[in-house]
Amino acid sequence: MTEFNELFCDNILNINTVGRDETHVAEGVFAYEPTSYLVLDRMHEVGLFSDIHLLVDYGCGKGRVPFYIAYYCERRAIGIESEEDFYRDACKNMESFKMSGLVDFVCQKAEDYAVPDNADVFYFFRPFSADILRKVLKRIEESYRSNPRSVRIIMYYITTEYVAVMKDHPEYELVSKTDCRDLFRNRDGRDFVFCYEKIC
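Residue numbers (our numbering): 281 to 480.
Think of the hints as simulated: they come from the structure by calculation, not from any bench.
Nothing here was measured: the structure is a model prediction, and the numbers come from that model.
A couple of the hints might just be wrong.
[What the hints assert, rightly or not] Each computed EDC-like pair below joins lysine to aspartate or glutamate, with the alpha-carbon atoms no more than 20 Å apart:
(1) K415 with E453
(2) K378 with D321
(3) K418 with D397
(4) K478 with D400
(5) K418 with E451
(6) K415 with E391
(7) K418 with D392
(8) K378 with E354
(9) K372 with D290
(10) K478 with D448
(11) K389 with E421
(12) K478 with E422
(13) K372 with D384
(14) K418 with D400
(15) K415 with E451
(16) K447 with E422
(17) K415 with E441
(18) K415 with E363
(19) K372 with E286
(20) K457 with E477
(21) K457 with D321
(22) K457 with D471
(23) K372 with E313
Whenever a hint applies, use it, and build me the whole structure from the sequences.
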């Protein structure tokens, strides 16, 4: 059922993002696996994608989340991807995507990416290690100091290490924890979406 849903939703957007790929698994970098459309729909339903100006998706892979945001929320999104073949797949998807002008992709390591001063929502589906996450948060903070604004960090299926990193950053408050366990069978119980907001 879930697989059918994934293919069906890809077809609506006229993109190809289905499947898991462990080609580039290495220390600090995890396998490519797109966020399920079921989870994206749940996040949308509970309002996690409301009031977006610009969303940044770290480890975007083939671009599913940016395309979803553009199509269903009509908001701008940027996907950051360090692997050139996934980046090329994302760009190929952009050529066939039903909407244009709202999605961009950058082929760069997440920790090297200079965060735009108007980016206000940041999405992580456990793309890399906690050490890299710390560096990315530093980049987000640099951008915030340049242009203070509301900042939302959305994390799905995160590790205890990610939770610990966020606890080390008291300037971010956990404002919601969305349960997605009912969407899947025989999983490990980690299907939660954590939403943090920066305390001004």
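What are the numbers of the hints the structure violates, in ascending order? Checked against the structure, no hint fails, so every one of them is satisfied.
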